[in-house]
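Could you build all of it, start to finish, from the sequences and the hints given here?
There are 2 protein chains.
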Amino acid sequence: MKLYDLELSGNCYKVRLFCALNQIPLEVYAVDYLAGEHKSGAYLALNPLGEIPLLADGDFLIRDSQAILIYLAQKHQLTEWWPQEAKSQALVAQWLSFAANNIARGPNDARLHDLFGISLDVASARQNALSCTNILDNHLATHRWLVGDTPTLADIACYPYMALMHQGGVQANSFHHLTRWMNDIKHMEGFITMPGIE
Amino acid sequence: MKLYDLELSGNCYKVRLFCALNQIPLEVYAVDYLAGEHKSGAYLALNPLGEIPLLADGDFLIRDSQAILIYLAQKHQLTEWWPQEAKSQALVAQWLSFAANNIARGPNDARLHDLFGISLDVASARQNALSCTNILDNHLATHRWLVGDTPTLADIACYPYMALMHQGGVQANSFHHLTRWMNDIKHMEGFITMPGIE
Numbered sequence: 001m002k003l004y005d006l007e008l009s010g011n012c013y014k015v016r017l018f019c020a021l022n023q024i025p026l027e028v029y030a031v032d033y034l035a036g037e038h039k040s041g042a043y044l045a046l047n048p049l050g051e052i053p054l055l056a057d058g059d060f061l062i063r064d065s066q067a068i069l070i071y072l073a074q075k076h077q078l079t080e081w082w083p084q085e086a087k088s089q090a091l092v093a094q095w096l097s098f099a100a101n102n103i104a105r106g107p108n109d110a111r112l113h114d115l116f117g118i119s120l121d122v123a124s125a126r127q128n129a130l131s132c133t134n135i136l137d138n139h140l141a142t143h144r145w146l147v148g149d150t151p152t153l154a155d156i157a158c159y160p161y162m163a164l165m166h167q168g169g170v171q172a173n174s175f176h177h178l179t180r181w182m183n184d185i186k187h188m189e190g191f192i193t194m195p196g197i198e
Numbered sequence: 001m002k003l004y005d006l007e008l009s010g011n012c013y014k015v016r017l018f019c020a021l022n023q024i025p026l027e028v029y030a031v032d033y034l035a036g037e038h039k040s041g042a043y044l045a046l047n048p049l050g051e052i053p054l055l056a057d058g059d060f061l062i063r064d065s066q067a068i069l070i071y072l073a074q075k076h077q078l079t080e081w082w083p084q085e086a087k088s089q090a091l092v093a094q095w096l097s098f099a100a101n102n103i104a105r106g107p108n109d110a111r112l113h114d115l116f117g118i119s120l121d122v123a124s125a126r127q128n129a130l131s132c133t134n135i136l137d138n139h140l141a142t143h144r145w146l147v148g149d150t151p152t153l154a155d156i157a158c159y160p161y162m163a164l165m166h167q168g169g170v171q172a173n174s175f176h177h178l179t180r181w182m183n184d185i186k187h188m189e190g191f192i193t194m195p196g197i198e
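So the sequence lines, in the order shown, correspond to chains A and B. Under full-length UniProt numbering, the first residue of the first sequence is numbered 1, with each subsequent residue one higher. Under full-length UniProt numbering, the first residue of the second sequence is numbered 1, with each subsequent residue one higher.
Keep in mind that the hints are not guaranteed to be accurate.
Stated by the list, open to error - Here are the simulated PhoX-like cross-link-like pairs (lysine-lysine), alpha carbons at most 20 Å apart as the crow flies:
(1) A:K87 <-> B:K2
(2) A:K2 <-> B:K87
(3) B:K2 <-> B:K39
(4) B:K87 <-> A:K75
(5) A:K75 <-> A:K2
(6) A:K87 <-> B:K75
(7) A:K2 <-> A:K39
(8) B:K2 <-> B:K75
To be verified - So, partial list: chain B residues that the calculated Cβ filter (under 10 Å) puts toward chain A:
(9) P48
(10) F60
(11) D64
(12) I68
(13) H76
(14) A93
(15) L96
(16) N102
(17) S124
(18) N134
Since the hints were derived computationally from the structure, they do not count as laboratory data. Predicted model, so just to flag it, every value in this text is computed and none were measured. Virtual Cβ for every residue (Gly too), placed ideally from N, Cα, C.
Okay, here's the thing in structure tokens:
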């Protein structure tokens, strides 16, 4: 499987991290972001959204980090990561949407502004980041993992941009349950890091 | 099952529409949005995000329209709507993220601004709406439904805010494949409408 990758992208890191934790072999192809390769005709033919990551499994193409995680878990029958029982699966899906919407509009956007110079409403992004932080911290006060007793795709999808939040001008230090959870993820067997996460 | 509902919300409509199409009984409870019931302590205890919809199935609570759709399909084993095979499921999930992120930041935000007076960057929202429109129209030029040969959760998740886009100042009329698809959805057996969709 080939991952169209950007090293500094938290969304790409989600996929690399999940594969590392589950010993899934991955050929990583570095998209030339600075040269605008992701907006080239050749890339847009593979992913019309012009977004990275993109996974190619033979002829099969799948975009969006959340969908890629679901694909990998469903394909490899990693049911502890992507439960098949309706209630548990829906609870994981709830946090995948939280990653795709709330975290994207919060810590991810704030970092895009600060680190990559993207023009956007950074005050609003930082406010959203704080809201994400509060919601996660409150939830993690009574839950070791986001859903159930073991890590799931929910944790993998939400972790990267929370761990990178400081690059968007928002500090997580005073949120003890959130930092405890991030620390637990770091101590998982097979954990790998990315630039910006110590 | 009880749906905490707002009649004018496209996200709530997704759930009502899916239940209507599949004859799933639903007790609809109208949250008093104007009185701020969704930000009350009682509601936040059920959904810390303060968002509508929320589904209660006995003691089980699930928020987020995409996650609710997955819950209902997985619970009732509606595998034509939520395929169990990895590639098909991931392709549906890809469009669920498109609904949770791109459509939320596009037609949904533009409508929030125009219809509900929410303060946000409406120029950016309308630009995102046009981008969503182009991506969907191009995809639907060669696909009857978003994934596979029959409607899936992908169609239900993406439809409402595309059909309501005119309420955010963006017209879909000239996008023929998109309008053909929206028309096909309207002609499904059991289809119900909502204010703003003729």
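Here is how each hint holds up against the structure:
1. Proximity of A:K87 to B:K2 is assessed by CA-CA distance (about 15 Å); at most 20 Å being required, the pair is judged to hold.
2. Distance check on the hinted pair: A:K2 and B:K87 sit about 15 Å apart at the alpha-carbon level, within 20 Å; holds.
3. For the hint pairing B:K2 with B:K39, the CA-to-CA distance comes to about 19 Å; that is within 20 Å, so the pair holds.
4. Straight-line distance between C-alpha atoms of B:K87 and A:K75 comes to about 8 Å, which keeps the hinted pair within the 20 Å bound.
5. Between A:K75 and A:K2, the direct Cα distance comes to roughly 15 Å. Compliance with the 20 Å bound is thereby established for this hinted pair.
6. Distance restraint check for A:K87 and B:K75: the Cα-Cα separation of roughly 8 Å lies within the 20 Å cut-off, and the hinted pair is therefore satisfied.
7. Restraint check for A:K2 and A:K39: satisfied, since their Cα atoms lie roughly 19 Å apart, inside the 20 Å limit.
8. Under the criterion of a C-alpha separation no larger than 20 Å, the hint pairing B:K2 with B:K75 is consistent with the structure, at around 15 Å.
9. Satisfaction of the interface hint for B:P48 is found here, the shortest Cβ-Cβ separation to chain A being roughly 5 Å, below the 10 Å cut-off.
10. This hint holds: B:F60 has a C-beta 6 Å from the nearest C-beta of chain A, less than the 10 Å allowed.
11. For B:D64, the interface hint holds, the least distance from its beta-carbon to any beta-carbon of chain A being 4 Å, beneath 10 Å.
12. Checking B:I68 against chain A by beta carbon gives a least distance of about 7 Å; that is within 10 Å, so the hint holds.
13. Restraint check, B:H76 versus chain A: the minimum CB separation of about 8 Å is within 10 Å; hint holds.
14. The interface hint given for B:A93 holds, since its Cβ lies 4 Å from the closest Cβ of chain A, which is under the 10 Å cut-off.
15. Using the Cβ-Cβ criterion of 10 Å, the hint placing B:L96 at the interface with chain A is satisfied: the shortest such distance is roughly 8 Å.
16. Among the interface hints, the one on B:N102 holds; its C-beta lies about 7 Å from the nearest C-beta in chain A, closer than the 10 Å criterion.
17. Contact between B:S124 and chain A, as hinted, is supported at the beta carbon level, the nearest pair being about 8 Å apart and thus within 10 Å.
18. Hint status for B:N134: holds, given a least beta-carbon distance of 8 Å to chain A, under 10 Å.
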